[in-house]
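Peer 1: What follows is each chain in one-letter form.
Number of protein chains: 4
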Amino acid sequence: MKAMPERTRIPGRHFLQIPGPSNVPDEVLRAIDQPTIDHRGPEFAELTLGLLEKIKWVFQTESKVVVYPSSGTGAWEAALSNLVDPGGKVLAYETGHFANLWRGVAERMGLEVNWIESDWRSGIDAGKIEEALSEDKDHEIKAVMAVHGETSNGVNSNILKVREAIDSAGHPALLLVDVVSSLATADYRHDAWGVDVAIAASQKGLMLPPGLGFNAISQKAILVSKECQSNRSYWDWRKILESNETGYYPYTPASNMLFGLDKALDLLQQEGFSNLFSRHNQLAEATRAAVDHWGLENVCTNKDEFAASTTAIYLPEEFNADKLRQGILEKYNLSLGTGLGKFKGRVFRVGHLGDINALTVLGTLAGVEMGLVDFGVPIKKGGVEAAMAKIQA
Amino acid sequence: MKAMPERTRIPGRHFLQIPGPSNVPDEVLRAIDQPTIDHRGPEFAELTLGLLEKIKWVFQTESKVVVYPSSGTGAWEAALSNLVDPGGKVLAYETGHFANLWRGVAERMGLEVNWIESDWRSGIDAGKIEEALSEDKDHEIKAVMAVHGETSNGVNSNILKVREAIDSAGHPALLLVDVVSSLATADYRHDAWGVDVAIAASQKGLMLPPGLGFNAISQKAILVSKECQSNRSYWDWRKILESNETGYYPYTPASNMLFGLDKALDLLQQEGFSNLFSRHNQLAEATRAAVDHWGLENVCTNKDEFAASTTAIYLPEEFNADKLRQGILEKYNLSLGTGLGKFKGRVFRVGHLGDINALTVLGTLAGVEMGLVDFGVPIKKGGVEAAMAKIQA
Amino acid sequence: MKAMPERTRIPGRHFLQIPGPSNVPDEVLRAIDQPTIDHRGPEFAELTLGLLEKIKWVFQTESKVVVYPSSGTGAWEAALSNLVDPGGKVLAYETGHFANLWRGVAERMGLEVNWIESDWRSGIDAGKIEEALSEDKDHEIKAVMAVHGETSNGVNSNILKVREAIDSAGHPALLLVDVVSSLATADYRHDAWGVDVAIAASQKGLMLPPGLGFNAISQKAILVSKECQSNRSYWDWRKILESNETGYYPYTPASNMLFGLDKALDLLQQEGFSNLFSRHNQLAEATRAAVDHWGLENVCTNKDEFAASTTAIYLPEEFNADKLRQGILEKYNLSLGTGLGKFKGRVFRVGHLGDINALTVLGTLAGVEMGLVDFGVPIKKGGVEAAMAKIQA
Amino acid sequence: MKAMPERTRIPGRHFLQIPGPSNVPDEVLRAIDQPTIDHRGPEFAELTLGLLEKIKWVFQTESKVVVYPSSGTGAWEAALSNLVDPGGKVLAYETGHFANLWRGVAERMGLEVNWIESDWRSGIDAGKIEEALSEDKDHEIKAVMAVHGETSNGVNSNILKVREAIDSAGHPALLLVDVVSSLATADYRHDAWGVDVAIAASQKGLMLPPGLGFNAISQKAILVSKECQSNRSYWDWRKILESNETGYYPYTPASNMLFGLDKALDLLQQEGFSNLFSRHNQLAEATRAAVDHWGLENVCTNKDEFAASTTAIYLPEEFNADKLRQGILEKYNLSLGTGLGKFKGRVFRVGHLGDINALTVLGTLAGVEMGLVDFGVPIKKGGVEAAMAKIQA
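Protein chains in written order, with our numbering: chain B, 687 to 1079; chain Y, 687 to 1079; chain P, 687 to 1079; chain E, 687 to 1079.
It is worth saying that the hints were derived from the structure and are not from the lab.
Dumping the calculated EDC-like pairs for lysine to aspartate or glutamate here, alpha-carbon to alpha-carbon at most 20 Å: (1) K925/E / E793/P; (2) K1017/E / E957/B; (3) K912/Y / D771/Y; (4) K1030/E / E1004/E; (5) K847/B / D873/B; (6) K1067/E / D978/E; (7) K1009/Y / E732/B; (8) K1009/B / E732/Y; (9) K1017/P / E732/E.
For clarity, every value in this text was computed on a predicted model and none was experimentally measured.
Extracted from the complex, chain B is given alone in its bound form:
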């Protein structure tokens, strides 16, 4: 067993500007760094009851939120496994790479996916949802899978329109929405928009390390889940919701992550939705101002659909985006997001979500601009100043 070499430390704080995991506030890390407690004791129940109440706020729901020790991909599986019978049919929309991954989950679970293709550069065309549902006369489609914030391309879809499309089609399908990178970075209204399950993860707007997955669940979804014939155990909402009633879990939950979640929710409430969303919007605008100034192309083509959390940027074809990212990491201690799926090598992504401020983003954009120059990409310098102008606007 050879010892691993100690990781070499680059001076200064790392700029973690991928679109999640995002930077975890020191207060949250310190909350996680507390001694583990008895998950069957009164202190734990008090913690759980409090945070299960608090977490509804962030989803804007009065219904229930289930917290899993899992990744976000687990929470995708959870939503489907509680609602769709074996071999059942679902409708999914190709907003980008993560929609695609979610489709893969559904297929591996043995579901039949009705897939609406798209170009990865714009959000959901709700008309196509309505059309597909209208064609499904026998209501075989049990659920619509929609991605709110598509992390691979920085495109945010209008979920309310998806809801309206389902309603216009007079279709009983449940609405499942991936809010992994949109939650707590952009307005998301679980109840008002009539979403049945929202799928989230800890490492984005919630400002936690990865390790927790979430399902916010409508009352309708809870009813459907009670009748659902799928084989499931770990993801089964029923036992969890029952145990949660008294503040416990039917298994040993990830206590220390829950300590962090409790603290992170406090910080988010302290900031408030209005500040939270306007901050994210401003930082996203500043980023786009730099991209435009550089003369680079934003993957998202529709200005109404720019994500507050992420900007995905094309490099001119003759440059490899991953080599750019590697150079920037090594020289400037800045992590940027890779191009995913068909964007591999062509696109890089700037994450501007979570616990950051204007100076973090401006430092990030400075790193990107210098990296582009180092790499020989023909850009117009001055992107940081353009971003500053937007911050000051």
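Place chains Y, P and E on chain B using the hints.
Peer 2: The following block gives chains Y, P and E in isolation, referenced to the frame of chain B:
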């Protein structure tokens, strides 16, 4: 949204002497309390490659270990879902409450469980395993589910004998073993004992907070999993093993918990198996010496099967064990394990596993003895001195 | 420059039962582990103004408390340097080793110390103070130096009687009291007892790491200090009190330790004086019960003067107390206090102060008892049970 | 006792860009956040012996370094009190505010200070030192007090020239140098430059929170100190050096800060002098490029004397620098240094020292530029781009 009252702090460090979660070393908590990093960057790959190599040591295997963001119950489901086709048959042995819970998982997954009943007071009778397998002429049983350290009663089963029973029956069933509370507290030899999947969790002998589940997997199991027809995504070993080759995961892994795992493995290796197991044995012996002295009854009736991690103790029938535990918690800041399943209210459990030493256990036993006296349980005082004598023996 | 070998880790939490530094609560360590802030910014002023108000509570004073980045020995020097002119005369009482060290400080500062000798086994005989002051017809003695809790022998002196002795003598000398190990472990009433300066340090009852020294100062002392002719800069109260008015310091203060102090004061207030002192008393009583049971001799001979923080214990002459301590440290991961000054090798000390509870102390006493047995000291076993009886009384 | 309001949290990591305290690396904060240990035990001795050896490296000395629980102002007093007899004479040079403060310390200690005035905009004119010493025919001047890095104006003096001036004058005065903000940010060669005492503090280039003061001491200074007639106790090197021989202290040292120091020295050694100094130089150059571009005036007028740690910048007279700083803090979560002494309200300072990198400084400069614009200061925009050009040069 009302603010939760701040938890009232009882002075001094809490004695967390449940049979898991165990006490997390400060070094491990501090490792977890580091800034999250890019799960697709080179630093992460270096971490993963190192720890996936290191973790084999703790299972005594040369094969593969898969790490999940999950509870231990998730790792149970993972093992079954990778190996048993839908509706398949498994053989399981009722060592106690956790064996029972695992059976429940299998059943909810739609598997048919051949269940060998037992009295929860002793370990696996390998002869019964051999008998059941011998009767299965058509080899319909795909896997044997055995619990190594049964946390509900402090009984450790002889896994090598189970292996031999399978072999004697000439049966091809895979051997799946729950080592959740035995791993890193008692000798467990994955390869030497011919185990196919070992199921573990982070919050016991591994000295971590809960939040990670493990499957150590034999080469035979890997081959079987490749052909397995079950619908699975999150638990699927194939994608994970493939991504792990280069140090990554097919989803965003629980980075900060992995930082802790890396550190915890270092601490365990530093102590070494010999010290680790003799320490746990000594602390378990000391605990039993106190129990015997008090005149209370150990749930485990077979002295060759005492668990190194846990001692489960009957209270005389007229006393409620949970009220005893509550009193001890409030008065002495000591958490003890509750009686599970049919032991509810009748049994309490002392955890003596993980990052503890003789004085921790003696303080714990002092708390138990005082609590018993406070509660009016007729015991012979002097249990702590009896335990001290065992420590000094 | 050779690398230091990594410290070998003994499993389980270390039992730090010296009479200070005491165990630091996790909450306090985590408070210290926050990013340092601008010591001239508004956040710092808010912190300082708050804690300088809060800290008065712990001294039971309405006057002022000065906090130094220093050891307790520095705070001794501070008190003298602000009040006694060069070459001035002070009266000091030999309660034990720390009284002796403080005398050394006064002498090195060029002061003339009128020294009342004693046997290190009992507290201050206030009559001797009165006598000495009465003989000082010209009031040359400027200050009386008294140790409240003498950490070297576990003797607590009656400070109110010292005050009364000074008053009976009709002497204007200031009363300076070392409360380093008594503060927040036993009742100390700065204003009610008419003390002029109380000298304290962070690493005892205040439950902090070492690094902060304190002077609680009466209005009379403040007035005297304004006229004092000593050459002083670092310790000078005047500039500090002036800067403190607006929440600042005339130098860069130890910010992170102040974060910890703020948190520690919150925890102490949450417990409250009544609980705090009765807890310390009970743990001290339990310790003495064990010592008595073992048949060993307590250094403190006067039962009205037992310190709540510390018990100092003689070993039979044929045994070396430091070898005993070394053995206990290596075998049981327990640190005990060494014999200081003339007690070197003859005495060991048990600290029972700060953030501890009954089980911590009982584990400690178990370690001591086992160590004594290992070392061949003829004792009567059963000390831990005797201590438990006291806890339950 | 009213509860303090919880501090309102501004999102994102605070940019602490004052010229000290500097940003503390997470690894160092986590090292400080370990349980306190017995300061008289073997583990402590091992720590101390290791770090007292390691710390010589950072001063480039083979002699001794004394570490105090104190501020840097305490370390000033320490140096003087160990070397200059009561009423003795010293020579000091007015490099700026901190030189002035140090003079104040000397005067309050009763020393006679021969003060060489200067304009706070350039470093030491060694010729004036030589002149003053040459006039001191009777060698009454015992020490020369020189500030290497003057934190109030960003001016670094040439200490080797001061040494040569003393030698040219054939004067036996000791050379005392304040390296508080230059140590570990710019080359400082204690032995090679013939310095007798270097005064340092923890919160600057050493990347620690404030709370430790340092004296690096030449053999000559050690000899002088043995004969020095000053009254001193806390600062006395003799007892400390003696205790340090075996790894201990004559008082309870600030253990947790020493844990941090040990770690910080490891990080600094890992980076190495060459990288450390070139990084600081580059970041300082980038800052000056922005200042020049904005058309603002650098306080330091001599390009050979620019400090690597700090840039002090004049605002046009009609603007108040503290109001600018306040606005920048509130709007951009960035702390800048205030103007000290006669610079009050006229000057602000950017700290670019310690654990930072290019993106931190560029984010900082963006904050400054935006703040200047917000405040209506007539500047030429584009300072960040000018700084970026310097980084990439």
